[in-house]
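Q: Here's the letter readout for the chains.
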Amino acid sequence: MTALPSAETSGLEIAILDYGMGNLRSVEKALEHVGVQAPIVSDAEAAHAADGLILPGVGAFPEAMRRIREARYDELIPEFLASGKPVLGICLGMQVLFESSSEHEGAWGLGLLQGRVESLDAGDLKVPQLGWNEVRWTRSSPLTEGLPNPSYFYFANSFSARVVNRDDLLGESDYGAPFTAVVEKAPLYGAQFHPEKSSTHGLRMLANFAKICVDVKAAALSK
Amino acid sequence: MPPLKRIIPCLDVDNGRVVKGTNFVDLRDAGDPVELAERYDEEGADEVVFLDITATSDDRDTIVELARRAADNVFIPFTIGGGIRSVEDAQAVLDAGADKVAINSSAVKRPGLIGEMAEVFGSQCVVLAIDAKHTSDTARGRSGWEVFTAGGRIETGLDAVAWAIEGVERGAGEILLTSMDRDGTKDGYDIELTRTVADAVSVPVIASGGAGTLDDLVAGVADAHADAVLVASLFHFGEYTVSQAKHAMQDAGINVRMVESEHVAS
Numbered sequence: 001m002t003a004l005p006s007a008e009t010s011g012l013e014i015a016i017l018d019y020g021m022g023n024l025r026s027v028e029k030a031l032e033h034v035g036v037q038a039p040i041v042s043d044a045e046a047a048h049a050a051d052g053l054i055l056p057g058v059g060a061f062p063e064a065m066r067r068i069r070e071a072r073y074d075e076l077i078p079e080f081l082a083s084g085k086p087v088l089g090i091c092l093g094m095q096v097l098f099e100s101s102s103e104h105e106g107a108w109g110l111g112l113l114q115g116r117v118e119s120l121d122a123g124d125l126k127v128p129q130l131g132w133n134e135v136r137w138t139r140s141s142p143l144t145e146g147l148p149n150p151s152y153f154y155f156a157n158s159f160s161a162r163v164v165n166r167d168d169l170l171g172e173s174d175y176g177a178p179f180t181a182v183v184e185k186a187p188l189y190g191a192q193f194h195p196e197k198s199s200t201h202g203l204r205m206l207a208n209f210a211k212i213c214v215d216v217k218a219a220a221l222s223k
Numbered sequence: 001m002p003p004l005k006r007i008i009p010c011l012d013v014d015n016g017r018v019v020k021g022t023n024f025v026d027l028r029d030a031g032d033p034v035e036l037a038e039r040y041d042e043e044g045a046d047e048v049v050f051l052d053i054t055a056t057s058d059d060r061d062t063i064v065e066l067a068r069r070a071a072d073n074v075f076i077p078f079t080i081g082g083g084i085r086s087v088e089d090a091q092a093v094l095d096a097g098a099d100k101v102a103i104n105s106s107a108v109k110r111p112g113l114i115g116e117m118a119e120v121f122g123s124q125c126v127v128l129a130i131d132a133k134h135t136s137d138t139a140r141g142r143s144g145w146e147v148f149t150a151g152g153r154i155e156t157g158l159d160a161v162a163w164a165i166e167g168v169e170r171g172a173g174e175i176l177l178t179s180m181d182r183d184g185t186k187d188g189y190d191i192e193l194t195r196t197v198a199d200a201v202s203v204p205v206i207a208s209g210g211a212g213t214l215d216d217l218v219a220g221v222a223d224a225h226a227d228a229v230l231v232a233s234l235f236h237f238g239e240y241t242v243s244q245a246k247h248a249m250q251d252a253g254i255n256v257r258m259v260e261s262e263h264v265a266s
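Sequences listed follow chains A and B, in order. With this note's numbering applied, the first sequence covers 1 to 223. With this note's numbering applied, the second sequence covers 1 to 266.
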């Protein structure tokens, strides 16, 4: 299956940020499968030492944000991005990148992307959406390099982000109505689905994210 | 777009090896479960189910180890069943990398377990597995199918359709419905049983037991209203590939995830 040539990723480290929400081990193993060392970290120092950051997440938005603030990741993530290094949010980890969510009692997000997170506009379809769905790319990006249009990914979500800036949208899907599947505001990325559970397409996306981290690292070193 | 219909290879595991029997006995060795699951992932399987069929009280470690090995190598969602008796058992398997847990006998013994698990992990993690057998008892509103447990050895007296409805009310997010009359026979899914349950509950139903041809898989979705079809020996012994099954579904007008015929975007 998809793997980067080991020379490209040797020494590369993408940290998986642990805040007690979600299946970190699957993300770790999927990254290892594409040839990337992916330590699960929970302190700022270890995170800053990495070349890229993944923010996973399964569960409810308000609880996730409470834990993110408690761990001071609301400071860490913007600092990491400000240093030019890439961040990828997965599922709930993508939703918290936005300004706010209406889930449960509602909560403020990290505000790194403009927009609100709202219930899926699913019509008669069952919520949560659980299963594979097609994603159409709205433009080209290093994150989607080599992926067919559309591609299939595995989703498990009841909510989705309503982007304000159409420029931030990279992939769209349909579940009763169109919804945001992938966002890109380089070096910030987000996927509503689970790439670690999405077979070849998902692994390819993770490998592409690793390649973005490699390129950012190389550019920083050559300065 | 309505959800895609799924094809799910099922790996019955005994002492770490895949086995597949006829009517739950007469087992043949069919290989390493994780290697097989990897192959099915490459062929386009949508999910994989691992069922530890000889689960005893002290082999929770065995299923956790299986979940860990699967998570190391298989990058599609997978379900683990067999020997899960508590929230703690389920937690260990989910932490190891499983996406869902299937419960069967333990839920019959203590129905409250379904709700406890749904509360902690969410309904989407909880699969209620039901082994149903046809009975002549259709009196007093009974459906004519009864629930059996312990691999078909114990008659529970529960009505299969009523149990499915109760399971969903208690928080099961999916029903894995096996016809014990059909299991291993290759005579096709029990269409009537599957349709009765699928039409009675609001969650996805996985048809299981008896698939012998690709037409049976199509019928499981088209006639029996299942959201997914579980397949074991049809794939394990190389009669058909997952890809061939996907094509048969597509040719019948069923919406599935196709993994070939991809034109890579430039």
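Note that these hints are calculated values from the structure, not bench results. Keep in mind that this is a model prediction, so the values were computed, not measured. Warning: the hint list may mix true and false statements.
Stated by the list, open to error - Capping the alpha-carbon separation at 25 Å, the derived lysine to any residue pairs in SDA-like fashion look like this: (1) A/K29 - B/T62; (2) A/K126 - B/V218; (3) A/K223 - A/L203; (4) A/K126 - B/T62; (5) B/K109 - B/I165; (6) A/K29 - A/A44.
Unchecked claim - Listed next, the stretches of chain B that the computed footprint assigns to chain A, with coverage defined by at least 3 CB atoms under 8 Å from CB atoms of chain A: (7) 84-97; (8) 239-251.
Just so it is clear, CB atoms sit at the ideal spot from N, CA and C, and this is done for glycine as well.
Q: Among the hints numbered above, which are violated by the structure, and what are their numbers in rising order?
A: 3, 4 and 8
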